[in-house]
Amino acid sequence: MMKNKYIIVTLMLAGFHLAAQAQDKKVWASGAARSVFQQNNLSVDGDTITPKRLNSGHTLVDLAINAKPNSQTFLHGKVRIRNDFGGFWGSGVTFDIRQLYVKGLIKNAIRYQLGDINYKLTPYTFYSNNEELSNHQREALNIFRDITRYDMFYTDDNTWRQQGAALDFSLEFDKNAEELNVNVFASRNRASDFNQQSDRIFFGGNVNLVQSKTMTLGANYIDLMDIAGTSRSIRQFHNPVITGTTKFNHSIKGVDLQLASESGVSEMYEINNASVPALRDYFYDIDFKGGIKKTNTTFKMNYINVGPQFRSVGAQTKRVNFQGQNRMYTQYGNDQLIRHISSIDLLQDVSLYQLSFNPDLDGYMPSYQNIQPYGKATPNRKGLSFGIEQASKNEAYNIGATYRMLSEVVGQGTDDLRTFNQIALNGTMRFNKIMANYEKPLEVSFAYTQGSTKRTTEFTQADVDLNNSIMDIGAKVGLIKDLDLLFNFRVVSSKGNELMSMRNDFTEVIDFQPFETDLSETMVVLGFRYSFSEKNKLNVVWQKMSWKDTKNANEAYDMSQFAIVYSLMF
Amino acid sequence: MLSMLIVLGLSIASCKREKNNEGPDLNDIYGAFSLLEEFKADRTNVDFSAGEAVQFTARFSAISDWVITINSTNTGATKIINGRSNILDVSNAVWDGTTTQFPSFSTGPCNVELFLKNDTSQGSNGSTYDLLVTVDGIRTPTGKVVADFEAPNNPDWTIFKQAGGDMSFVRVDTGIVPQGKFYYDMAGEVDFDYLIGYIDFPATAYGASGFDLGNSASSTYFNVLLNTPKGITNSIVLFQFKEDENGNGTFNEDNEDMYSLELKGLDEGWQVVSIKYEDLKSLTNGAPSTPKGNGVRNPDKLHTLSCLFLADPKTGYSRTLMDYIIFTKDEALKL
Chain A
1 MMKNKYIIVT LMLAGFHLAA QAQDKKVWAS GAARSVFQQN NLSVDGDTIT PKRLNSGHTL
61 VDLAINAKPN SQTFLHGKVR IRNDFGGFWG SGVTFDIRQL YVKGLIKNAI RYQLGDINYK
121 LTPYTFYSNN EELSNHQREA LNIFRDITRY DMFYTDDNTW RQQGAALDFS LEFDKNAEEL
181 NVNVFASRNR ASDFNQQSDR IFFGGNVNLV QSKTMTLGAN YIDLMDIAGT SRSIRQFHNP
241 VITGTTKFNH SIKGVDLQLA SESGVSEMYE INNASVPALR DYFYDIDFKG GIKKTNTTFK
301 MNYINVGPQF RSVGAQTKRV NFQGQNRMYT QYGNDQLIRH ISSIDLLQDV SLYQLSFNPD
361 LDGYMPSYQN IQPYGKATPN RKGLSFGIEQ ASKNEAYNIG ATYRMLSEVV GQGTDDLRTF
421 NQIALNGTMR FNKIMANYEK PLEVSFAYTQ GSTKRTTEFT QADVDLNNSI MDIGAKVGLI
481 KDLDLLFNFR VVSSKGNELM SMRNDFTEVI DFQPFETDLS ETMVVLGFRY SFSEKNKLNV
541 VWQKMSWKDT KNANEAYDMS QFAIVYSLMF
Chain B
1001 MLSMLIVLGL SIASCKREKN NEGPDLNDIY GAFSLLEEFK ADRTNVDFSA GEAVQFTARF
1061 SAISDWVITI NSTNTGATKI INGRSNILDV SNAVWDGTTT QFPSFSTGPC NVELFLKNDT
1121 SQGSNGSTYD LLVTVDGIRT PTGKVVADFE APNNPDWTIF KQAGGDMSFV RVDTGIVPQG
1181 KFYYDMAGEV DFDYLIGYID FPATAYGASG FDLGNSASST YFNVLLNTPK GITNSIVLFQ
1241 FKEDENGNGT FNEDNEDMYS LELKGLDEGW QVVSIKYEDL KSLTNGAPST PKGNGVRNPD
1301 KLHTLSCLFL ADPKTGYSRT LMDYIIFTKD EALKL
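So the sequence lines, in the order shown, correspond to chains A and B.
Just so you know, we're using the working numbering here: the first sequence kicks off at 1 and counts up by one.
Just so you know, we're using the working numbering here: the second sequence kicks off at 1001 and counts up by one.
None of these hints come from the bench; they were simulated from the model.
Keep in mind it's a predicted model, so treat the numbers as computed, not measured.
Some clues are possibly wrong.
As the list claims (entries may be wrong) - List time: in silico SDA-like cross-link candidates among lysine to any residue, alpha-carbon distance up to 25 Å:
1) A/K393 with A/F288
2) B/K1334 with B/E1262
3) A/K376 with A/T159
4) B/K1276 with B/V1145
5) A/K535 with A/S30
6) B/K1276 with A/A191
7) B/K1292 with A/S233
8) A/K289 with A/I423
9) B/K1281 with A/D199
10) A/K382 with A/T507
11) A/K247 with A/N158
12) B/K1117 with A/M500
13) B/K1019 with A/N305
14) B/K1314 with A/V93
15) B/K1230 with A/D335
16) A/K376 with A/R145
17) B/K1117 with A/I510
18) B/K1329 with A/Q196
19) B/K1281 with A/R190
20) A/K535 with A/S35
21) B/K1019 with A/P277
22) B/K1276 with A/N504
23) B/K1276 with A/N272
24) B/K1019 with A/D360
25) B/K1314 with A/T94
26) A/K454 with A/K548
27) B/K1019 with A/R503
28) A/K26 with A/K107
29) B/K1230 with A/I49
30) A/K454 with B/N1020
31) B/K1329 with A/S233
32) B/K1144 with B/T1304
33) A/K78 with A/S567
34) A/K433 with A/S392
35) A/K454 with B/K1019
Stated by the list, open to error - Cβ-to-Cβ under 7 Å is the rule here; a few derived chain B residues that face chain A:
36) R1017
37) N1021
38) G1023
39) P1024
40) L1026
A virtual CB, placed ideally from N, CA and C, is assigned to each residue, including glycine.
Chain A with its partners taken away, still in its complex shape (with noise of 0.2 Å):
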């Protein structure tokens, strides 16, 4: 603690001392800073041992010095200082390390980066997938969302937050084809405990040929793997992922169409250890894309087939760790049960989420999303999908549909494969776009997804029909200048029977677990927001979920908050 005040107080005293000294800021200070308070109740039928309210909040500071010692250096250095609500005189207070790289260019010509990396490649090799239900976001859920996504280095391009460096360069060509870019990183992704446990790292690059504008081809490469030598363990963990993927463009009469395709293999063993398998397996996507510039509407169709043993680690790590317990109200009820992870944790619980990678296959809530629970890269799925986006030229509304067909490659003890439907439904309607001379956001959003699991058997147990749903219905209207509400009906449910996969150390399935539910989540969220500027903002916001699974153990329960967000960028 001690050591990191000394870092704080150096960082700054450096920062400012520059800041004075350099008129051209070279060195200057950003950062952001926000203050939550919260009171929430949970309320449960004869519950007499939770407490009915818990009131929780903090203050933190995010301090970044950046500089700019020559025309091709950048560094940059984040510290948070955080005080929890209730710890007086230093005793709540924390500080920490909250980023730190360096940036340049080398001879004009080579990129790099050292330190913290945001970095992906492509949806099976290496990409942060959005966490559940959080597809239909608005505004209102938004507000506590974008805190937890903050605090975790989630970006909405999918980007996974690593330790290491990145190097990347372009090249360009008279003839033939226009541009060559290449890029490598590497990272560490674990480190040794000096006894059992090696160093793992992740590593790799892809190289894409811009032949033209008609034409790119990449080929992709990655791998988790041990460190020989830095502990005592012999054993080491592979995981290499190797892709190509190609990309046409061209245009008739008006119409954009793009023929896009991604492939590859993976593989994942273990060099010195002999009881674990090698698994190995592949993919191909290929996606059509048809743009009609004149009424702005784009028709798209996928078809994927993903191999049940294709295993990605940087693709297929989930954000949410569904084995985690709620930090509020972990446990509830007369019995103390542990309450399950509903709507509204995942909006703000960071405790429940991630940022290493996992070599299990991590586990999911079914009730949430049992189609495609590690996105694209889901093992074990094929079939196709459509879909239709259209949004009017200035911008008064946009709507899309997307509806997937897919199933297993192979059974799951069985010959008889799961089929998996999914339609989705979303649009959004900007009255204030449409009415003369009013400036004032008037919007209303919707947005609905369904989908069904589904397999018969020889067997009546291990039959599967389970069926969710997710509705959204948000609006936001500007009341006075730069004061909005903000509101948010959701519904979440979920009925029927899965049989899930048990899987042992190596993710190989070794038996079935059946799962019953009949959830029932609803929620209201309703907030004021007042914008002192796009980057400065108060929000009032109250929120209630009602929660109930009659085939669960867990009693209903319904949760309400009231809480006070600012939040400032500068």
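Guided by the hints, dock chain B onto chain A, whose structure is given.
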């Protein structure tokens, strides 16, 4: 463009995948259940002291959860073997004389019961099948016994207890005794220090050969029986392994290695705690630290084993029972 599409198509078509289904066959899980081979033991009398074991066998038509419960009619000792399979054989149903719920087994008759959850021949909740096995000789674990507390304390041990309240650092022979007739009771309330008391077991207490553990940290196991009584949640038992690396007959904490095993939050009741010597950690105030000596775990250089009984002074009274401290070779203690 066309040629690229052809190449892509050919490359996809050239991939082959095994069409094996994932996981166990549903027939083996949900098929009609019947007992194909009755529940049997390969012997009716067993002498564990002679290295014998009892192998149970049975075969079912479908996978089932099963539990074999062995009860000693003399001591009440219980051994539980459970699993999920469609066969009981040498891979999953062998009793080597070890105990699940202490006290340990003694010689005499034992009732053996197999419970099959999926067998509805005796009722919808499952079926049971019984056997009788007689123990003619009990297990005699091999290894270097540091303390079994059967005899009065070795005068070469150093025993210290704080001047606290309700202090107890004594041998006890009441209640459930996991091994032999005595165990050691460590208890007390110290409101000014984490340390309640400690016992040092110096190598010199065991004659000229000391602990005589050999130099393989990967094949040396430290084992101890511990029992945290009901309602006690604050006890910390810390074992320290102090090595004399330069062979001068003393342990120097400034330049020689000390490895530790810190045990908190133990479950209620007697249990065997075992750790491989190579898995011991270097700790300072419970946090990982760099060893002060050569950084190599050398069981052959173990100079003193210390057992510290600790508790947060703010949390009041604490108690832990201890028995049978033993180093074993190649495998953890089975008792």
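Here is what the structure says about each hint:
1. A/K393 with A/F288: Answer holds: A/K393 to A/F288 is near 23 Å, not above 25 Å.
2. B/K1334 with B/E1262: Holds, at roughly 21 Å.
3. A/K376 with A/T159: Between A/K376 and A/T159 the Cα gap is close to 15 Å, so the pair holds against 25 Å.
4. B/K1276 with B/V1145: holds (16 Å)
5. A/K535 with A/S30: holds (12 Å)
6. B/K1276 with A/A191: holds (21 Å)
7. B/K1292 with A/S233: holds (22 Å)
8. A/K289 with A/I423: holds (18 Å)
9. B/K1281 with A/D199: The given pair, whose Cα atoms are some 18 Å apart, holds under the 25 Å limit.
10. A/K382 with A/T507: Status holds; Cα separation ~20 Å.
11. A/K247 with A/N158: holds (20 Å)
12. B/K1117 with A/M500: Satisfied, since the Cα-Cα distance of roughly 20 Å is no more than 25 Å.
13. B/K1019 with A/N305: This hinted pair holds, its Cα atoms lying about 14 Å apart.
14. B/K1314 with A/V93: holds (23 Å)
15. B/K1230 with A/D335: Holds, at roughly 20 Å.
16. A/K376 with A/R145: Within the cut-off at roughly 23 Å; holds.
17. B/K1117 with A/I510: holds (19 Å)
18. B/K1329 with A/Q196: OK: B/K1329 and A/Q196 at ~19 Å, within 25 Å.
19. B/K1281 with A/R190: Measuring from Cα to Cα gives roughly 18 Å; hence the hint holds.
20. A/K535 with A/S35: Holds, because 14 Å separates the two Cα atoms, which is no more than 25 Å.
21. B/K1019 with A/P277: The hint holds at about 17 Å.
22. B/K1276 with A/N504: Measuring from Cα to Cα gives roughly 24 Å; hence the hint holds.
23. B/K1276 with A/N272: This hinted pair holds, its Cα atoms lying about 20 Å apart.
24. B/K1019 with A/D360: holds (23 Å)
25. B/K1314 with A/T94: Within the cut-off at roughly 24 Å; holds.
26. A/K454 with A/K548: holds (23 Å)
27. B/K1019 with A/R503: holds (19 Å)
28. A/K26 with A/K107: Holds, at roughly 20 Å.
29. B/K1230 with A/I49: Measuring from Cα to Cα gives roughly 22 Å; hence the hint holds.
30. A/K454 with B/N1020: At roughly 20 Å apart (the allowed maximum being 25 Å), B/N1020 and A/K454 satisfy the hint.
31. B/K1329 with A/S233: Holds, at about 20 Å.
32. B/K1144 with B/T1304: Roughly 14 Å separates the two Cα atoms, so the pair holds.
33. A/K78 with A/S567: holds (17 Å)
34. A/K433 with A/S392: holds (10 Å)
35. A/K454 with B/K1019: holds (21 Å)
36. R1017: This interface hint holds because 5 Å falls under the 7 Å limit.
37. N1021: Constraint on B/N1021 satisfied, holds at 5 Å.
38. G1023: holds (4 Å)
39. P1024: holds (6 Å)
40. L1026: holds (4 Å)
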